[in-house]
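Undergrad: All chains should be built: construct the whole structure from the sequences, respecting the hints.
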Amino acid sequence: MSCWDTLGAYALRSLGYGERALPTTDFTLCQQATLIGSGMIWNLYFGAVALGAGFVLAVAVALARTSDSPWLRRPAGWFIFLFRGSPLFIQFFFAYFLFLSLKGRFDWADPLTSAWLGATLVLFLNTAGYSAEIFRGALQAIPRGDLEAADAYGLTGWTKFRRITFPTMLRLAWPAYTNEAIFLFHATALVFVSGFPAIQQKGDALYYAQYFADKTFNPFVPYPILAGYFILVTLSIVGLFWLGSQRLNRHLPSPSGRWRAKFQVIR
Amino acid sequence: MTRLLLASVLALAAGGAFAQDVVRIGTEGAYPPYNFLDDAGNLDGFEIELGREICARAQLTCEFVQNDWDSIIPNLVSGNYDVIMAGMSITPERDEVIDFTQDYYPPTASAYVARSPDVDVTAATVAAQSTTIQAGYIATTGATLVEYATPEETVAAVRNGEADAVFADYDFLVPIVEASGGDLAFVGEGVPLGGGIGAGLRESDAGLRDALDGAIAAMKADGTLNALLGKWFPGEEPPSYDAATQ
Amino acid sequence: MLPDCSDPSALSGLSWLACYLTTGKHLNFYGSFGTVLLLLLVTAPVALALGFGGAMLARSRVAPLSWIGRAYIAVVRGVPDIVFFLFFVIALDQGLEYLRHRIKCPDWDGPVYRGSDFVVCDAAKLPLSNAPQWFHEAYGFALAVLTFAIVFGAFAASVLFGAMKAVPRAQMETAEAYGMTHAQAFWRVLVPQMWVYALPGLSNLWLVLVKASPLLFLLGVEDIVYWARDLGGSKTPQFTDYPHGDWRMWYFLFLLCFYLAFTRLSEIALDRLMRRLTHGQAIAGGEAQRKAALGGAA
Numbered sequence: 001m002s003c004w005d006t007l008g009a010y011a012l013r014s015l016g017y018g019e020r021a022l023p024t025t026d027f028t029l030c031q032q033a034t035l036i037g038s039g040m041i042w043n044l045y046f047g048a049v050a051l052g053a054g055f056v057l058a059v060a061v062a063l064a065r066t067s068d069s070p071w072l073r074r075p076a077g078w079f080i081f082l083f084r085g086s087p088l089f090i091q092f093f094f095a096y097f098l099f100l101s102l103k104g105r106f107d108w109a110d111p112l113t114s115a116w117l118g119a120t121l122v123l124f125l126n127t128a129g130y131s132a133e134i135f136r137g138a139l140q141a142i143p144r145g146d147l148e149a150a151d152a153y154g155l156t157g158w159t160k161f162r163r164i165t166f167p168t169m170l171r172l173a174w175p176a177y178t179n180e181a182i183f184l185f186h187a188t189a190l191v192f193v194s195g196f197p198a199i200q201q202k203g204d205a206l207y208y209a210q211y212f213a214d215k216t217f218n219p220f221v222p223y224p225i226l227a228g229y230f231i232l233v234t235l236s237i238v239g240l241f242w243l244g245s246q247r248l249n250r251h252l253p254s255p256s257g258r259w260r261a262k263f264q265v266i267r
Numbered sequence: 001m002t003r004l005l006l007a008s009v010l011a012l013a014a015g016g017a018f019a020q021d022v023v024r025i026g027t028e029g030a031y032p033p034y035n036f037l038d039d040a041g042n043l044d045g046f047e048i049e050l051g052r053e054i055c056a057r058a059q060l061t062c063e064f065v066q067n068d069w070d071s072i073i074p075n076l077v078s079g080n081y082d083v084i085m086a087g088m089s090i091t092p093e094r095d096e097v098i099d100f101t102q103d104y105y106p107p108t109a110s111a112y113v114a115r116s117p118d119v120d121v122t123a124a125t126v127a128a129q130s131t132t133i134q135a136g137y138i139a140t141t142g143a144t145l146v147e148y149a150t151p152e153e154t155v156a157a158v159r160n161g162e163a164d165a166v167f168a169d170y171d172f173l174v175p176i177v178e179a180s181g182g183d184l185a186f187v188g189e190g191v192p193l194g195g196g197i198g199a200g201l202r203e204s205d206a207g208l209r210d211a212l213d214g215a216i217a218a219m220k221a222d223g224t225l226n227a228l229l230g231k232w233f234p235g236e237e238p239p240s241y242d243a244a245t246q
Numbered sequence: 001m002l003p004d005c006s007d008p009s010a011l012s013g014l015s016w017l018a019c020y021l022t023t024g025k026h027l028n029f030y031g032s033f034g035t036v037l038l039l040l041l042v043t044a045p046v047a048l049a050l051g052f053g054g055a056m057l058a059r060s061r062v063a064p065l066s067w068i069g070r071a072y073i074a075v076v077r078g079v080p081d082i083v084f085f086l087f088f089v090i091a092l093d094q095g096l097e098y099l100r101h102r103i104k105c106p107d108w109d110g111p112v113y114r115g116s117d118f119v120v121c122d123a124a125k126l127p128l129s130n131a132p133q134w135f136h137e138a139y140g141f142a143l144a145v146l147t148f149a150i151v152f153g154a155f156a157a158s159v160l161f162g163a164m165k166a167v168p169r170a171q172m173e174t175a176e177a178y179g180m181t182h183a184q185a186f187w188r189v190l191v192p193q194m195w196v197y198a199l200p201g202l203s204n205l206w207l208v209l210v211k212a213s214p215l216l217f218l219l220g221v222e223d224i225v226y227w228a229r230d231l232g233g234s235k236t237p238q239f240t241d242y243p244h245g246d247w248r249m250w251y252f253l254f255l256l257c258f259y260l261a262f263t264r265l266s267e268i269a270l271d272r273l274m275r276r277l278t279h280g281q282a283i284a285g286g287e288a289q290r291k292a293a294l295g296g297a298a
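Chains as they are written, first to last, in the UniProt record's numbering: chain B, 1 to 267; chain U, 1 to 246; chain D, 1 to 298.
Just to be clear, a hint being listed does not mean it is correct.
As the list claims (entries may be wrong) - Some but not every residue of chain B turned toward chain U, in silico, with C-beta under 7 Å:
no. : residue
1   : T156
2   : V193
3   : A198
4   : I199
5   : Q200
6   : D214
7   : F217
8   : P219
9   : V221
10  : P224
11  : T234
Claimed, not checked - Covered stretches of chain D, as calculated for chain U (at least 3 residues, CB under 8 Å):
no. : segment
12  : 106-120
13  : 163-171
14  : 226-233
15  : 241-251
For the record, the hints were derived by calculation from the structure and aren't laboratory data.
Where a beta carbon is used, it is the ideal one built from N, C-alpha and C, also for glycine.
TA: Written out as structure tokens, the structure reads:
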């Protein structure tokens, strides 16, 4: 089987398309790279959905955390503490237990015990907890002058939030939030090793890497391949967030300027 | 390696003046009755008792060490211990990478356990531990395979209805079925997988393998291995070796 | 007073529980908390030192050194810790043994890799095969510390790198105007001031490190989660005097409380440290402290 055929047979194996049986003999580098790459689809899915949805919840929780009403502040504080203070795998464990007992009682809870929904939900809450803390710090660091200027212009409520508070918060939180995004994508590797089952050998990248490490008894090929994929993902996140920061800071006078930034890239 | 080889060969020949070199045996410590931790936190089980007896007969000083199952072979070939006794079935794939002694536990069937006796194991959802020969087998049947990271979770999956049946080593399932009080039962036909259980060694350690192999053969011949099997795998028909054929 | 635990099947209620919770296995479980805490306390300074070295390399003006520093940060930070732990310890162990092999047995002929076996001469073994068991365990512990430190060193390096850049330029320019050399300015002005910028990032890293401890078992250290899993799993009467069902829930609940309490304590301690570091610094926090002190005096 040429590498091209392998790609056709296994590129979408993690989603259940292509060859049913995983390779069992004569493992090639191409098979390992293809299947582990196929598993990365799941890691990207978990990471992207949790990060996107988590962002919205995180902003809401951060606002609740800094609000004047104790009825909003306290629960938000507990939420952040619970998800930041415990290891992710314990969260997976308890979530899986909870989902199982829900499943016994309600029909709608059926898909919760599958990784595609249940694990995403846990990752979503987890990243919301971490990001909310980052955003809380940023909200409190917004220069008072900015808010006073907004008041002076007669901005209130939603307009003030949308035009002043939110962009400034995002700008201040951006470096730390980039790190959180990286950590979240790394955390997606834990889904199938702590609680959630892999069905019909449809797993994430770590699942396939473990499969090959077990079959070839050589950890020095599949795990570095897996590491390489994650480095690519991490670099892409850093790149995307850098573009984001350019956009967020586009109105600010920059000492280095456009020309010098370009110059550095060329060098 | 040479010193180890020399020591074991000489120990056999000279009746054991060499005992200062320690043979380290890697095991998992989480797979009763083969190997597990007792209430005091010490290693116990069929393989622990067997290993001590083999070492006594081969006049080696042995020490058991615990290692995670996933990295148990890489750590052996890397030299972090010298022998694996961890309920490891002899398979052609493993035999390409490491050496095995003759089996000290005869080839047996892996079996299905379910809550309801009329589960069709070729079409049901079947739980197995990830990256085991059992998981590999289910993947080739018509059943839907669900893989869990630990054996504990595979049984739990049947209890809570996530899977219709669990497929695992017969002797691992026996005590669980007995303790379930009728809740769980064997279903379907057993499937013979693997070539019995043996001790794994580095391919470059032929001397040590011969020493252990000799001790196992002697234990088969004089019936002590059968006695050990009877002790750790009680039941109507405990696994045993026919002394005459050895 | 402890009840007589020789026949647990005759016990019930609280005395059964007291016996159950004091089995040797449970004592190992309690002991593993000490192991994990010790490992965290040893790892943190080592990781910080590696991070400091990495950050210094990364900002070096010698291009190759700077590349090494930046590559270390980018590569190690780009890989999930669990993936790193799955192959790095074995690689590290083989690397160390290979080095010793080259030094101790220069006239050994034959390859080190034979088929799939990795074979070095006996004198190069780490630890030596006749070393006592505690030495093997100590070596395993040291490897785990080093691996943890290399991973978290990369994160610390990126935090410290950022903190060094955050110290106002004017501070360094003033130092050089006073005639300090580059090295003097670095050690006397930049390093003392950078900590206040680094601390939020480092605190976060400490909390991440604490929560990475379940991965210790991959490195061969029997950590709290390993014992909780083993103790909590259902036990059949054939192998224990204390049979029970699946109790993982309770053990994990206990771990959850431990992690939450440890996080809370760490946060309090780090807050105090931050307040002390902010004192006298030319940033908003330091200014607020100064004003508060003035107000108090007046």
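Undergrad: If a hint holds in the structure, say so; if it does not, say that too.
TA: Right, here's what the structure says about each hint:
1. T156: Constraint on T156/B not satisfied, violated at 53 Å.
2. V193: The hint holds - V193/B has a Cβ within 7 Å of chain U, the shortest such distance being about 5 Å.
3. A198: holds, 5 Å
4. I199: Since the shortest Cβ distance to chain U is 5 Å, the answer is holds.
5. Q200: Check passed: Cβ of Q200/B comes within 6 Å of chain U, closer than 7 Å.
6. D214: holds, 4 Å
7. F217: OK, holds: F217/B within 7 Å of chain U, min 4 Å.
8. P219: holds, 5 Å
9. V221: violated, 11 Å
10. P224: violated, 14 Å
11. T234: violated, 24 Å
12. 106-120: holds (count 7)
13. 163-171: violated (count 0)
14. 226-233: Per the Cβ count (3), the hint holds.
15. 241-251: Per the Cβ count (5), the hint holds.
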